[in-house]
Amino acid sequence: MAGQLVLKSQNAVDNIIDLPDINFYINRVVADGGIIYDTNALLDVFSFIYANGISEGEVFSAVNPAWGIKYDKNSGNVSKLYSIFNESGDMIVTNGTIPAKLNSNLTVPSVYFAGTMTTYMHSVGTVSDVNAFGAATAYLVPQLASYGSSTTFALGLLYSKIDHDANSPSGAASPYTAAAWTLSRPDSNNTTLKSWTNFASAWGATGSVGSNVTTGYESAKPLSIYADSAGLKAFNNGVLVTSDVTVTQLQTQKNNLGFWFGSSITANGDQASSYFIGHFFENWVLVNTDSEKLTKISERINDKYYVVFPH
1 MAGQLVLKSQ NAVDNIIDLP DINFYINRVV ADGGIIYDTN ALLDVFSFIY
51 ANGISEGEVF SAVNPAWGIK YDKNSGNVSK LYSIFNESGD MIVTNGTIPA
101 KLNSNLTVPS VYFAGTMTTY MHSVGTVSDV NAFGAATAYL VPQLASYGSS
151 TTFALGLLYS KIDHDANSPS GAASPYTAAA WTLSRPDSNN TTLKSWTNFA
201 SAWGATGSVG SNVTTGYESA KPLSIYADSA GLKAFNNGVL VTSDVTVTQL
251 QTQKNNLGFW FGSSITANGD QASSYFIGHF FENWVLVNTD SEKLTKISER
301 INDKYYVVFP H
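So in UniProt numbering, spot 75 of the sequence shown is number 75, and the numbers just go up one at a time.
It is worth saying that the hints were derived from the structure and are not from the lab. Be a bit skeptical, because a hint or two may be false.
[As the list claims (entries may be wrong)] The list that follows gives simulated cross-link-like pairs (lysine to aspartate or glutamate, DMTMM-like), each with its CA atoms no further than 25 Å apart: (1) K80 - D38; (2) K73 - D38; (3) K304 - E58; (4) K80 - D44; (5) K293 - E58; (6) K304 - D44; (7) K293 - D303; (8) K70 - E56; (9) K304 - E218; (10) K161 - E87; (11) K293 - D129; (12) K194 - E299; (13) K296 - E87; (14) K296 - E56; (15) K254 - D270; (16) K254 - D290; (17) K194 - E218; (18) K161 - D129; (19) K73 - E87; (20) K296 - E218; (21) K80 - E56; (22) K254 - D228; (23) K70 - E87; (24) K101 - D72; (25) K254 - D163; (26) K70 - D21; (27) K70 - D32; (28) K304 - D38; (29) K296 - D44; (30) K293 - E56; (31) K293 - D44; (32) K293 - D32; (33) K194 - D303; (34) K80 - D32; (35) K161 - D72.
Given only the sequences and the hints, what does the whole structure look like? Please build it.
Here's what the structure looks like:
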């Protein structure tokens with residue numbers, strides 16, 4: 001029923017004190033100059049959160065332009081997405097030579113990135129004491145005649161830039177990198193989306209997953225990943241498709257972690273020349289939770305987006 005939140009489990013009711021408040025979220029967005037773009041979409045995600053007992057302490061960032069967004073109504077340029085939970089997970093859009101724009105031509109709103117390293121998103125704050133994380137990104141790459149020179153498209157990066165720059169500004173970034181996930185193509189001339197592959201790494205790339213068979217862009221849909229001290233797992237529609245148990249987490253990969261979308265880093269922590277081309281719909285970054293919560297989000301992303309936009 002439109003305009004009404006329905007709690008679907010007793011567990012959600014029992015743990016409601018730890019769950020986000022929809023009115024607080026709406027007021028926070030509006031007070032900052034943003035808007036709730038689609039009230040029904042916001043009600044839907046709150047129902048999902050309540051039904052699955054997802055608490056504030058488990059989510060660093062959860063954003064979607066349909067929920068809370070700040071943008072220029074004349075140009076369509078997007079400047080901020082508001083996280084359902086703590087404002088530390090809000091995403092600031094750095095607009096470069098080609099700004100990120102709100103797109104309403106699909107059946108759901110998206111933020112469209114046109115492919116420049118100068119346009120990307122980063123979290124307002126950071127998260128610490130991270131022993132496990134989960135990430136799920138809903139995005140769509142349109143069929144184009146050319147995608148520029150990059151063979152790797154930056155999706156998510158969970159990285160302690162603060163600690164790297166303070167302790168080892170010219171040194172390796174991997175000891176400070178908790179996770180990275182990307183979309184890659186065989187070469188810079190390749191425009192065949194079915195040959196593109198989602199890759200992910202955890203804990204400084206001591207664990208990594210990705211192959212066109214298991215995590216291909218069209219065959220397996222974009223990646224949902226989960227990592228803890230036991231390994232890195234990748235899910236498609238809630239189903240485990242591949243894993244890597246050879247992981248080692250360092251203390252430097254636990255604290256002051258920020259999140260970036262559409263931007264990656266070089267081996268020594270400088271901004272890389274990679275970019276993202278496509279529609280951004282929704283992203284979750286979970287911390288210190290179990291893989292079951294991540295599988296539920298993976299299923300949600302499949303049902304909300306990839307049934308509508310099949311690869």
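Here's how the hints hold up against the structure:
1. A hinted pair counts as satisfied when its Cα atoms are at most 25 Å apart, and K80 with D38 qualifies at roughly 16 Å.
2. Taking the CA atoms of K73 and D38, the gap is about 15 Å. The hint holds against a cut of 25 Å.
3. Restraint check for K304 and E58: the C-alpha separation of about 22 Å stays at or below 25 Å, so the hint holds.
4. Restraint check for K80 and D44: the C-alpha separation of about 21 Å stays at or below 25 Å, so the hint holds.
5. Restraint check: the Cα-Cα separation between K293 and E58 comes to about 9 Å, which is no more than 25 Å; the hinted pair holds.
6. For the suggested pair K304 and D44, the alpha carbons sit about 11 Å apart, so the restraint of at most 25 Å is met.
7. For the hint linking K293 to D303, the alpha-carbon distance of about 16 Å falls within 25 Å, and the restraint holds.
8. A distance of roughly 22 Å separates the Cα atoms of K70 and E56; the hinted pair therefore holds under the 25 Å criterion.
9. Restraint check for K304 and E218: satisfied, since their Cα atoms lie roughly 16 Å apart, inside the 25 Å limit.
10. Distance hint between K161 and E87 is fulfilled; the C-alpha atoms sit about 19 Å from each other, no more than 25 Å.
11. Among the hinted pairs, K293 with D129 is consistent with the structure: their alpha-carbon atoms are about 19 Å apart, no more than 25 Å.
12. Taking the CA atoms of K194 and E299, the gap is about 21 Å. The hint holds against a cut of 25 Å.
13. Distance check on the hinted pair: K296 and E87 sit about 23 Å apart at the alpha-carbon level, within 25 Å; holds.
14. The straight-line distance between the Cα atoms of K296 and E56 is roughly 16 Å, inside the 25 Å bound, and the hint therefore holds.
15. Of the pairs offered as hints, the one joining K254 and D270 holds, with about 20 Å between alpha carbons and a cut-off of 25 Å not exceeded.
16. The straight-line distance between the Cα atoms of K254 and D290 is roughly 17 Å, inside the 25 Å bound, and the hint therefore holds.
17. Restraint check for K194 and E218: the C-alpha separation of about 5 Å stays at or below 25 Å, so the hint holds.
18. A threshold of 25 Å between alpha carbons decides the hint, and for K161 with D129 the separation of about 15 Å falls inside it, so the pair holds.
19. The straight-line distance between the Cα atoms of K73 and E87 is roughly 23 Å, inside the 25 Å bound, and the hint therefore holds.
20. Only pairs whose Cα atoms come within 25 Å are accepted, and K296 paired with E218 is accepted, the gap being roughly 21 Å.
21. Only pairs whose Cα atoms come within 25 Å are accepted, and K80 paired with E56 is accepted, the gap being roughly 20 Å.
22. Proposed proximity of K254 and D228 is supported: the alpha carbons are some 11 Å apart, at most 25 Å.
23. For a cut-off of 25 Å, the pair hint linking K70 to E87 stands: about 14 Å separates their Cα positions.
24. A threshold of 25 Å between alpha carbons decides the hint, and for K101 with D72 the separation of about 9 Å falls inside it, so the pair holds.
25. Straight-line distance between C-alpha atoms of K254 and D163 comes to about 10 Å, which keeps the hinted pair within the 25 Å bound.
26. Only pairs whose Cα atoms come within 25 Å are accepted, and K70 paired with D21 is accepted, the gap being roughly 20 Å.
27. With a CA separation close to 8 Å, the supplied pair K70 and D32 stays within the 25 Å bound.
28. The hinted pair formed by K304 and D38 meets the criterion: a straight-line CA distance of about 14 Å does not exceed 25 Å.
29. As the CA atoms of K296 and D44 are separated by approximately 14 Å, the hinted pair is consistent with the 25 Å bound.
30. Taking the CA atoms of K293 and E56, the gap is near 13 Å; set against the 25 Å cutoff, the hint holds.
31. For the hint linking K293 to D44, the alpha-carbon distance of about 17 Å falls within 25 Å, and the restraint holds.
32. Under the criterion of a C-alpha separation no larger than 25 Å, the hint pairing K293 with D32 is inconsistent with the structure, at around 30 Å.
33. At most 25 Å may separate the alpha-carbon atoms for a hinted pair to count; K194 and D303 meet this at roughly 21 Å.
34. In summary, the hint linking K80 to D32 is supported, as the alpha carbons are separated by about 10 Å, within the 25 Å threshold.
35. Of the supplied pair hints, the one linking K161 and D72 is violated, its CA atoms being roughly 29 Å apart against a limit of 25 Å.
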